[in-house]
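Just so you know, the protein sequences line up as chains A and C, in that order.
If you count the first sequence from 1, position 26 lands on 26 in the working numbering, and the numbers rise without skipping.
If you count the second sequence from 1, position 406 lands on 1406 in the working numbering, and the numbers rise without skipping.
Source of the hints: derived by calculation from the structure; they are not laboratory data.
Derived pair list, reagent style DSS-like, types lysine-lysine, alpha-carbon separation capped at 27 Å:
#, chain 1, residue 1, chain 2, residue 2
1, A, K82, C, K1002
2, C, K1394, A, K82
3, C, K1135, C, K1178
4, A, K76, C, K1325
5, A, K105, C, K1003
6, A, K105, A, K122
7, A, K76, C, K1313
8, A, K193, A, K182
9, A, K87, C, K1002
10, C, K1179, C, K1135
11, A, K8, A, K228
12, C, K1009, A, K122
13, C, K1009, A, K126
14, C, K1068, C, K1052
15, C, K1009, A, K105
16, A, K15, C, K1325
17, A, K15, A, K25
18, A, K126, C, K1003
19, A, K25, A, K218
20, C, K1325, A, K87
21, A, K178, A, K141
22, A, K224, A, K26
23, C, K1313, A, K87
Derived coverage of chain C by chain A (criterion: at least 3 residues anywhere in the stretch with Cβ under 8 Å from a Cβ of chain A; other residues may be distant):
#, segment
24, 1322-1332
25, 1392-1405
Think of the CB as a built atom: it goes at the ideal place given N, C-alpha and C, for glycine as much as any other residue.
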Amino acid sequence: MEFLIELKDISKDYKSGRIVTHALKKINLKIKKGEFISIIGPSGSGKSTLMNILGLLDQPTSGKYFFEGKEISFKKDAELAKIRNEKIGFVFQSFNLLNRYNVYKNIELPLLYSQQKLNNYKERIKKILKELGLEDKIYRKPLELSGGEQQRVAIARALILNPDLVLADEPTGNLDTKNSHKIMEIFQRLNKKYNVTLVVVTHEIDIAKYSERIISLKDGQIVKEERK
Amino acid sequence: MKKFFVFSKLAFEGILAHKFRAFLSTLSVAIGVFAVIMMTAVGEGAKQQIEKEFSSFGTDMFFVVPGKIDIKNLNFNTSQSLDLTILTEEDVKALGKIENVEYVSPITIVGGLAFYNNKPAQQAFILSVYPQFFKMGEYKLLEGRIFDENEVKNKKPVCVLGINAKNDLFGQESALGKKITIKGKNFEVVGVLDKSPIAFRMFGVDFDNIVYLPFGSSQIINNEKPRILRILVKNKDGRLIDQTIQKAKDELLILRNGEENFTILKQEDVLKILDSITNVLIALVSAIAAISLFVGGIGIMNIMLVSVSERVKEIGLRKAIGARKSDILLQFLTEAIFITVLGGILGILGGVGVSRLISLWGNFSPVVSVKYAFLAIFGCFLVGLFFGILPAMKAANLNPIEALRHE
Chain A
1 MEFLIELKDI SKDYKSGRIV THALKKINLK IKKGEFISII GPSGSGKSTL
51 MNILGLLDQP TSGKYFFEGK EISFKKDAEL AKIRNEKIGF VFQSFNLLNR
101 YNVYKNIELP LLYSQQKLNN YKERIKKILK ELGLEDKIYR KPLELSGGEQ
151 QRVAIARALI LNPDLVLADE PTGNLDTKNS HKIMEIFQRL NKKYNVTLVV
201 VTHEIDIAKY SERIISLKDG QIVKEERK
Chain C
1001 MKKFFVFSKL AFEGILAHKF RAFLSTLSVA IGVFAVIMMT AVGEGAKQQI
1051 EKEFSSFGTD MFFVVPGKID IKNLNFNTSQ SLDLTILTEE DVKALGKIEN
1101 VEYVSPITIV GGLAFYNNKP AQQAFILSVY PQFFKMGEYK LLEGRIFDEN
1151 EVKNKKPVCV LGINAKNDLF GQESALGKKI TIKGKNFEVV GVLDKSPIAF
1201 RMFGVDFDNI VYLPFGSSQI INNEKPRILR ILVKNKDGRL IDQTIQKAKD
1251 ELLILRNGEE NFTILKQEDV LKILDSITNV LIALVSAIAA ISLFVGGIGI
1301 MNIMLVSVSE RVKEIGLRKA IGARKSDILL QFLTEAIFIT VLGGILGILG
1351 GVGVSRLISL WGNFSPVVSV KYAFLAIFGC FLVGLFFGIL PAMKAANLNP
1401 IEALRHE
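Based on the sequences and whatever the hints tell you, model everything.
So, in structure tokens, the structure goes:
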């Protein structure tokens, strides 16, 4: 069985003056293709650091990271950017949509940096928007949308290039309970339908319950793993 | 190609997002370029005008000036060049005897103002010449006649007026036979000239606003030796001019025991001198251009730094979704270059517009040269590149995690 992601003894230290903080301590983690995982833990547990390393936005101090069986070299910016662009989609707590662009252009954004040739991406954007119930908001600006709608636009942007992995960092952190559950239901549905691997970071157990596997982090170490 | 299109689009969006700010920084470049374009246009226009005048001077003519001029290095002894006693009537006579010389005439300056009915012609110069002068210049008479050799020899109190000098002194009245007064001495007007042929506008003097006396008649006014400014010589055959010049030089050297305190210039030499003067001017203008573009560039750098710090979060997002460092770098670099090149284009258009206005309004036409226009655009491109690279690198090297957290 090949894993989409394999982490071997991943550690991350932060230096601030003379004080060294061990954010992650020898994390070993394997994620199968199509899995839906949540990472929970209190603040300072290292879950955001783990997320940033999974998303190739940060580089571990030591340890090895295999993506689709290939070891990642954190030295090559262009290579990392290519993987982020083509294989990983990001969903953030604060949505991170560009307010001067309309919904369509926000979703189109990853295409700017893609080296793939995409012919019918307009159709694809429309299809994704329809799937997320946003087809009538296509030319709206983000600030004209509700928080839940903005997060759905962000999900559409994460999915536009058909990634293998979607990373969501506290995706419901800025939403009310009703919208939070709606977003998690969408994640669940997309995971089943497209077999996209999902990793959600949260500190709410209610949110984590939507996933198949819950990994609990504390003080930079995995302290518990639960499977449904 | 796709990349170029993408970055151009992004740069446009970046500029449109802050129209007023972009407009101001574009303006700072545009004003610099405008100033440079105008200066070169005026210089080029002046050069072309003078060149036109000198090229009609004719390849069969040359003239002798006092003082030794080093044409190549544009070196000359000012006091010698202004010494109007160096050239003498003996020189003129000697030049007239040289084989192949058709006409020769000294041009001397006579000080003072010409009066008619106690009313002076303020602008009119008073020169004294040989009758051949008018043949060399192919002057046409409006009325009367030119003074002759005898009148020169006998220092007769007569004169010929350029058209503007006649109008200044007499207005619509006929001038023939009337007497004008110079320093208390009377001179009878024997002829009035038509507008001067272009060939004779070359010394920066209005040759229509001149009172011509027979050479030597100036001594009626002051009993000095004539002060010879130039000696004009016309050769029978333009192809033999270099030989004639050599003979003329030899003659003049013999007359002054080998001391070379004069210079013989032909059309080509004058154009050469003109060229070296223009080159000095161009170097000066280029220095000003560099300074003005530098100042504009600092403004651009400032604006780009502001633009980068405003868009930190956006840069973080772009990196997260797959922008490489080089993509971010090029995005901001393109934006800076867009602003400077746009400023350059606006400056050139402004320069062309104002040049047109000047040529419509006055009798001088500045010439915007395509060469300098392209140089200006290229200069703007370099300024955008040079001053845009630092902000763009700052953007490209942002840590995506910190950038995304930035509020």
